[in-house]
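Chemist: Listed in order, the protein sequences are those of chains C and W.
Under our numbering, the letters of the first sequence match residues 1 to 154, in that order.
Under our numbering, the letters of the second sequence match residues 1 to 83, in that order.
No wet-lab data here; the hints were simulated from the structure.
By construction, the Cβ of each residue, glycine as well, lies at the ideal position given by its N, Cα and C atoms.
Possibly wrong hints are sitting among the right ones.
Claimed, not checked - Only pairs whose alpha carbons sit at most 30 Å apart, straight line, appear in this in silico DSSO-like list of lysine-lysine: (1) C:Lys114 <-> C:Lys146; (2) C:Lys108 <-> C:Lys65; (3) C:Lys146 <-> W:Lys66; (4) C:Lys44 <-> C:Lys145; (5) W:Lys19 <-> W:Lys81; (6) W:Lys81 <-> C:Lys150; (7) C:Lys44 <-> C:Lys150; (8) C:Lys114 <-> C:Lys145; (9) W:Lys76 <-> W:Lys66; (10) C:Lys108 <-> C:Lys149; (11) C:Lys36 <-> W:Lys67; (12) W:Lys19 <-> C:Lys145; (13) W:Lys19 <-> C:Lys62; (14) W:Lys67 <-> W:Lys25; (15) C:Lys146 <-> C:Lys44; (16) W:Lys74 <-> C:Lys73; (17) C:Lys150 <-> W:Lys19; (18) W:Lys74 <-> C:Lys65; (19) C:Lys145 <-> W:Lys34; (20) W:Lys34 <-> C:Lys73; (21) C:Lys65 <-> W:Lys19; (22) C:Lys73 <-> W:Lys81; (23) W:Lys83 <-> C:Lys114; (24) C:Lys36 <-> C:Lys108.
Said to hold, decoys possible - Some but not every residue of chain W turned toward chain C, in silico, with C-beta under 7 Å: (25) Lys25; (26) Leu33; (27) Ala65; (28) Thr72.
What the hints assert, rightly or not - To be clear about the criterion: a stretch of chain W counts as covered by chain C if any three or more of its residues have a C-beta under 8 Å from a C-beta of chain C, and this derived list gives those stretches: (29) 5-11; (30) 34-46.
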Amino acid sequence: MTFNMDVGTFIIAIIGAWIAYSQLRKINDQIGIAVKNQKMDSLKIVLEIETQMNSRKLEFDKAAKSVREADNKDALDEDTLEILRDYFNATKESYLNALDRLCYCIEKDYISDKDWRTEYRNLVRDIISEYEEDFGEASPYNNIKKINKKWQQS
Amino acid sequence: MTLNNVTTLEDLREYLSEKFESEWKDLPVEDILKEQDGILSRFELSSEEYDYAAPLTAVMEDQSAKKTIINTSKAKAILVKRK
Numbered sequence: 001m002t003f004n005m006d007v008g009t010f011i012i013a014i015i016g017a018w019i020a021y022s023q024l025r026k027i028n029d030q031i032g033i034a035v036k037n038q039k040m041d042s043l044k045i046v047l048e049i050e051t052q053m054n055s056r057k058l059e060f061d062k063a064a065k066s067v068r069e070a071d072n073k074d075a076l077d078e079d080t081l082e083i084l085r086d087y088f089n090a091t092k093e094s095y096l097n098a099l100d101r102l103c104y105c106i107e108k109d110y111i112s113d114k115d116w117r118t119e120y121r122n123l124v125r126d127i128i129s130e131y132e133e134d135f136g137e138a139s140p141y142n143n144i145k146k147i148n149k150k151w152q153q154s
Numbered sequence: 001m002t003l004n005n006v007t008t009l010e011d012l013r014e015y016l017s018e019k020f021e022s023e024w025k026d027l028p029v030e031d032i033l034k035e036q037d038g039i040l041s042r043f044e045l046s047s048e049e050y051d052y053a054a055p056l057t058a059v060m061e062d063q064s065a066k067k068t069i070i071n072t073s074k075a076k077a078i079l080v081k082r083k
């Protein structure tokens, strides 16, 4: 009788262990899928931001080209100058906003710092250096400043 | 050379160079950057040391932005001069 109970307990324990193992495996698989999905989501965010940055950079380039062409043709009267200056400043702001958004995502760990540091470290430094008037105390581009400080120190 | 044998910055640079030649050459640029960074991040490097040890870094975005910076800087100079 005791032997039968021990065998029964053993079998139940085996079944219990198998169920627990099976459940743990399922949970593990689900975590794996969740991690993979999260990576894909991060990648989508980055690609979206990079697409935005690229299109805004092109627009900024076009604005600069318009200024240079007008200057080259001696066509910069007061009205044209004002139009081109506004266009140039608007496209610059748009580009810096996109870069600031990328830096925000890195700063808040939505995307991996180490994955983007190599590609963007010099870009961020050069942008701040060239447009330092936009990165003063009252600058709206705090995320760019924070990431630059972090990247240049490490 | 293995990663365990890396003791100096020059070793690290050589190690990465060998990796590139033997394993990474045909990978997409993004993958090479990630592989390199995965190794470089294990060491405490200054930005200069990082750049030195990773001479193969293909900073495509950076190069592209440099041209934008040159172009827009010239335009900015015109606008400032004509203010």
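Chemist: State the violated hints by number, sorted upward, taking the hints as numbered earlier in the document.
Modeler: 2, 5, 6, 11, 12, 13, 20, 21, 23, 25, 29
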